[in-house]
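Work the whole structure out from these sequences, hints included.
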Amino acid sequence: MRVGFFVTCLVDSMRPRIGFAAIRLLEAAGCEVIVPEQQTCCGQPGYNSGDRKSAKAMALKFLAEFEAFDYVVLPSGSCAGMIRVHYPDLCKDDPALLARCIAVGARTFELTDFLANIAKLKKMPGTFQGALTYHDSCSGLRELDVYKQPRALLASMPGVAINEMVESTTCCGFGGTFSVKYGELSTRMADNKCQHIAATHAGTIVGGDLGCLLNIEGRLRRNGDSTTRVMHIAEVLAGTEK
Amino acid sequence: MKNNSINFKRQVTIKLADVKLQSALSRLQSRFVEGRAAVISEISDFEETRTAAAAIRDRVLNDLEHWLMHFEQQATARGAIVHWAETGADVNRIVAEIAVQHGVRTAAKSKSMVSEECGLNDALELAGVTVMETDLGEYILQLAHEAPSHIVAPVVHKNKEEISDLFAEKHQLPRKTGIAELCREAREILRPAFLNADMGISGANFLVAETGSALIVTNEGNGRLVTTLPRVHVAITGIEKVVPTLEDVTTLLRLLPRSATGQSITNYVSVLTGNKNKDDHDGPEHFHIILLDNGRSSLVGSEMQEMLRCIRCGACMNHCPVYQNIGGHAYGWVYPGPMGSILTPLLGGLEKSPDLPNASTLCGACAVVCPVKIPLPDLLRKLREKQMERGMKSRRETFMLKAWAWLALHPPVYALATKFGVRAMSLLGGKNKLLHTLPGASGWTDGRDFPAPEGLTFREIYQRRNRQ
Amino acid sequence: MNAREKILGRIRNAQARANGAAVAAIAPRTEAVASHLALHPRGPLPPHPDNLLARFKECALKLSSDVLETGDRKEVPTLLARYLNERNLPVSGVCWPSLAGLPWSAAGLDMQPRPAKNQDLVGVTGAFCAIAETGTLMLLSGTETPATTSLLPETHVAVLDPRRIVATMEDAWDLLRREYKQPPRAVNFISGPSRTADIEQTVTLGAHGPYRVLLILAPA
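From first to last, the protein sequence lines are chains A, B and C.
Position 120 of the first sequence, counted from 1, bears residue number 120 in the numbering used here, the numbering being contiguous throughout.
Position 39 of the second sequence, counted from 1, bears residue number 281 in the numbering used here, the numbering being contiguous throughout.
Position 41 of the third sequence, counted from 1, bears residue number 751 in the numbering used here, the numbering being contiguous throughout.
Keep in mind the hints are simulated off the structure, nothing from the lab.
Computed from a prediction, not measured in an experiment: that's the story for all the values here.
Possibly wrong hints are sitting among the right ones.
The calculated lysine-lysine pairs, modelled on DSSO-like cross-linking and capped at a C-alpha distance of 30 Å, are [unchecked claim]: (1) B/Lys251 with B/Lys402; (2) C/Lys827 with B/Lys520; (3) B/Lys615 with A/Lys92; (4) B/Lys244 with A/Lys181; (5) C/Lys716 with B/Lys594; (6) B/Lys661 with B/Lys644; (7) A/Lys61 with B/Lys635; (8) B/Lys262 with A/Lys181; (9) A/Lys56 with B/Lys594; (10) A/Lys53 with B/Lys635; (11) B/Lys628 with B/Lys594; (12) B/Lys628 with C/Lys716; (13) C/Lys891 with B/Lys520; (14) B/Lys262 with B/Lys244; (15) B/Lys628 with A/Lys61; (16) A/Lys53 with B/Lys594; (17) B/Lys615 with B/Lys251; (18) B/Lys644 with A/Lys53; (19) B/Lys402 with C/Lys772; (20) B/Lys661 with A/Lys56; (21) A/Lys181 with B/Lys635; (22) B/Lys244 with B/Lys628; (23) A/Lys53 with B/Lys615; (24) A/Lys92 with B/Lys644; (25) A/Lys181 with B/Lys675; (26) A/Lys181 with B/Lys615; (27) A/Lys53 with B/Lys251; (28) B/Lys628 with A/Lys53; (29) B/Lys412 with C/Lys827; (30) A/Lys181 with B/Lys673; (31) A/Lys181 with B/Lys251; (32) B/Lys594 with A/Lys181; (33) A/Lys56 with B/Lys644; (34) B/Lys661 with A/Lys61; (35) B/Lys418 with C/Lys827; (36) A/Lys181 with B/Lys644; (37) B/Lys615 with B/Lys628; (38) B/Lys635 with A/Lys56; (39) B/Lys628 with A/Lys56; (40) B/Lys661 with A/Lys181.
Here is the structure:
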């Protein structure tokens, strides 16, 4: 399987290690991973802010770079949702383009969804000892039905105990530009999430979208919690690099 | 009701600091969210029913003119008088005229969000008609001179103690503390209002075109009383509330109370058709139905038409993490939560509600629970697009969006910009790898640290490795 | 142009624009409306219960209604008298004229066959039919079946023929269509005692309508 890997702009600049962890997982699942080097952003920030024109330009750029692969995989439910669910909306007025969007969308997957349902990775390359709790990011959950996949992958690791938090599916308050424009509201939502995380006594909060994780980590640290580990699921499944 | 949604941001600050409100809101979440989850499992195929419900609403909306005309014809044939109102002010004028025509001095009213749109109570008081709200929640609000903060549970923002104080003060009776006692006291105070009212005013949850009926769902029984005892009944509702047949409305009834309050059915469902027969002992002699447009017709045939499917169950606000944290008053008009964030700008003007379409993470919890499958996040996004098209976004935001898009479309520049950007931020992060302030992003850093980037971009490291 | 014409005109033009037509084609639309009305198709239905009576009782109890049964309609007053006495409730009230013939006074009850007034504390009605799916009563208003009887008194008693229990509200509409040409002024579906949850979302029985609803199942 030739897999085009879309790093996502956030992982590219903020947490490269998540990108490399994801590649290790894909390779462990027997994929040939290719990273198109001109890739940048999926266009979601503009799309969700009403800048449809720019978002469409980025959709076209994505199509040109990724259309040729058997699969496209992203370590983010929100960017994968953008491609699979919203690119067709952006291109709905052009039937030929729409068909291309739908076709590539059908081959585009969030990382854990791909590992669990397509590549059927059984043995995780990483090791993890201890309890963790999982936050379900909104787009992955509601646009791509990612809920069981990360839990199944985590459960396959011998040392992992999953302590479910209450309201794991409630938004953490990130919401892209929302987190800056409506900072107070966003902070309160993050705060609620942090309380639910603390109540699990898990010690590690894991998620599949870096945006949510930065938001949660930012609030944890500001609250003086310097010990709770905040990890992307790729880092847990792949282990840290030697 | 005056549209105050321009003050959304200021209200958010106030509401987040309101401790009493916060505990009231957590109650709403546990009762309504858990109640709904428990009761939707009673329907063997909930998704199929939702799909059918959305189709019923679309059938009407795609042919609204014909269904409205059929409704009007049937209702008129049974003796009801159908009025058309373009604006809330028109509704107020029509109701006042009906009051004069029938010599009405007092009116008993059951809950109607459409009448809140119009500010009907104040208008009728000016016209010399005494109006008594009879839904317990609305009655409490009338005593307190407040607006509803939820379309189903209007007084959710108040706790028992506040209501005890309010009743003791306004009723001049010993202060009651139990909820049942408070309800009994309100019942005894309000019973004469039903018996003495010349006019009953209600909303209508649905209008059935097949039979020309207005359908009202209530739990308290006040809806039945105001439509049974007074000699005049005026039902006020929006033009979009038509449903073709009794079967169609039954499908919607399987979803409305379940989505709203977690009930399999409301205590009362009243299907009201025409006025009383001459030998009947009860029922109004005159039945007036007022159909309000107030901007709704401008949504027909537009990309926002799906909003007109709404059956006002409130599930979207009950499940909205923004509503759950700030309550309904912050939204500034009649309709709060996700549906309100769309309806308020659509009916009241986008320029008057610049925040509402944006004050959402687009998390999608509302769309999942909407019984008529309104794609609420998509509609919020369309409003953001309209703001962009009409140049209503701040110059700073527009510049940032355009700059980001330009960078993303020019990969070499993008690579260079991110390369230096992450280095700088990484250095600023220091040993704790946290930024406590970030220029231009105080919205984030006022309440959160910003975790610093690692220092190199993925693409840098990847290219370096590939060269080796 | 009046408000009606303006509103309908706006809708007509918007729909024509949406359909890409210069003028809305009226004939096919009228036909589509008429055909849907004629067919009045049903939406998705719950599975048909094996036992209508059992399902009805189960659901009625869930709604906080009380349920009593007898095989003999003449026993209804005795059952009601016991129910009222057990709860120290008044033994006088009003009933629908069609129930005036039951032996009320023999059971120690005083039931006046007239519409209810505010002071009346017990109201006895029949029912057009009942719906098993939700445990709901369906009452039709009329000269002989006043709507106030089930509304003003604190105790509402409905005497129901178990053979008039149907599965769903759809079945109830069909029964109405078969037996009447058109709905009466008011069709009231009643599902237990009136209630409110407006104060702290705590359910309290007895809001503006009855505090209790007693269903007595007795064949006509």
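We went through each hint and held it up to the structure:
Between B/Lys251 and B/Lys402 the alpha-carbon distance is near 28 Å, which keeps this suggested pair within the 30 Å criterion. Between the alpha carbons of C/Lys827 and B/Lys520 the distance comes to roughly 19 Å, so the proposed pair stays at or under 30 Å and holds. Straight-line distance between C-alpha atoms of B/Lys615 and A/Lys92 comes to about 20 Å, which keeps the hinted pair within the 30 Å bound. Between B/Lys244 and A/Lys181, the direct Cα distance comes to roughly 25 Å. Compliance with the 30 Å bound is thereby established for this hinted pair.
The suggested pairing of C/Lys716 with B/Lys594 holds, with an alpha-carbon distance near 25 Å, which does not exceed 30 Å. Among the hinted pairs, B/Lys661 with B/Lys644 is consistent with the structure: their alpha-carbon atoms are about 20 Å apart, no more than 30 Å. A distance of roughly 26 Å separates the Cα atoms of A/Lys61 and B/Lys635; the hinted pair therefore holds under the 30 Å criterion. At most 30 Å may separate the alpha-carbon atoms for a hinted pair to count; B/Lys262 and A/Lys181 meet this at roughly 26 Å.
Proximity of A/Lys56 to B/Lys594 is assessed by CA-CA distance (about 29 Å); at most 30 Å being required, the pair is judged to hold. Proximity of A/Lys53 to B/Lys635 is assessed by CA-CA distance (about 15 Å); at most 30 Å being required, the pair is judged to hold. Of the supplied pair hints, the one linking B/Lys628 and B/Lys594 holds, its CA atoms being roughly 14 Å apart against a limit of 30 Å. Using a Cα cut-off of 30 Å, the hinted pair B/Lys628 and C/Lys716 holds, with the two alpha carbons roughly 26 Å apart.
At most 30 Å may separate the alpha-carbon atoms for a hinted pair to count; C/Lys891 and B/Lys520 meet this at roughly 18 Å. Taken as a hint, the B/Lys262 and B/Lys244 pair is honoured in the structure, with Cα atoms around 25 Å apart against an allowance of 30 Å. Simply put, B/Lys628 and A/Lys61 have alpha-carbon atoms about 24 Å apart, close enough for the 30 Å limit, and the pair holds. Between A/Lys53 and B/Lys594 the alpha-carbon distance is near 25 Å, which keeps this suggested pair within the 30 Å criterion.
At roughly 29 Å between alpha-carbon atoms, B/Lys615 and B/Lys251 fall within 30 Å of each other, so this suggested pair holds. Among the hinted pairs, B/Lys644 with A/Lys53 is consistent with the structure: their alpha-carbon atoms are about 10 Å apart, no more than 30 Å. Straight-line distance between C-alpha atoms of B/Lys402 and C/Lys772 comes to about 26 Å, which keeps the hinted pair within the 30 Å bound. The straight-line distance between the Cα atoms of B/Lys661 and A/Lys56 is roughly 25 Å, inside the 30 Å bound, and the hint therefore holds.
Simply put, A/Lys181 and B/Lys635 have alpha-carbon atoms about 12 Å apart, close enough for the 30 Å limit, and the pair holds. Between B/Lys244 and B/Lys628, the direct Cα distance comes to roughly 23 Å. Compliance with the 30 Å bound is thereby established for this hinted pair. About 27 Å separates the Cα atoms of A/Lys53 and B/Lys615, which keeps this hinted pair within 30 Å; it holds. For the hint linking A/Lys92 to B/Lys644, the alpha-carbon distance of about 23 Å falls within 30 Å, and the restraint holds.
A hinted pair counts as satisfied when its Cα atoms are at most 30 Å apart, and A/Lys181 with B/Lys675 qualifies at roughly 24 Å. Proposed proximity of A/Lys181 and B/Lys615 is supported: the alpha carbons are some 28 Å apart, at most 30 Å. Under the criterion of a C-alpha separation no larger than 30 Å, the hint pairing A/Lys53 with B/Lys251 is consistent with the structure, at around 28 Å. Between the alpha carbons of B/Lys628 and A/Lys53 the distance comes to roughly 12 Å, so the proposed pair stays at or under 30 Å and holds.
The suggested pairing of B/Lys412 with C/Lys827 holds, with an alpha-carbon distance near 28 Å, which does not exceed 30 Å. With a C-alpha separation of about 28 Å, the suggested pairing of A/Lys181 with B/Lys673 holds against the 30 Å cut-off. For the hint linking A/Lys181 to B/Lys251, the alpha-carbon distance of about 10 Å falls within 30 Å, and the restraint holds. Distance hint between B/Lys594 and A/Lys181 is fulfilled; the C-alpha atoms sit about 18 Å from each other, no more than 30 Å.
Of the supplied pair hints, the one linking A/Lys56 and B/Lys644 holds, its CA atoms being roughly 13 Å apart against a limit of 30 Å. Taking the CA atoms of B/Lys661 and A/Lys61, the gap is about 21 Å. The hint holds against a cut of 30 Å. At roughly 28 Å between alpha-carbon atoms, B/Lys418 and C/Lys827 fall within 30 Å of each other, so this suggested pair holds. For the hint pairing A/Lys181 with B/Lys644, the CA-to-CA distance comes to about 17 Å; that is within 30 Å, so the pair holds.
Straight-line distance between C-alpha atoms of B/Lys615 and B/Lys628 comes to about 22 Å, which keeps the hinted pair within the 30 Å bound. Proposed proximity of B/Lys635 and A/Lys56 is supported: the alpha carbons are some 19 Å apart, at most 30 Å. The straight-line distance between the Cα atoms of B/Lys628 and A/Lys56 is roughly 16 Å, inside the 30 Å bound, and the hint therefore holds. Only pairs whose Cα atoms come within 30 Å are accepted, and B/Lys661 paired with A/Lys181 is accepted, the gap being roughly 26 Å.
Of the numbered hints listed earlier, not one is contradicted by the structure.
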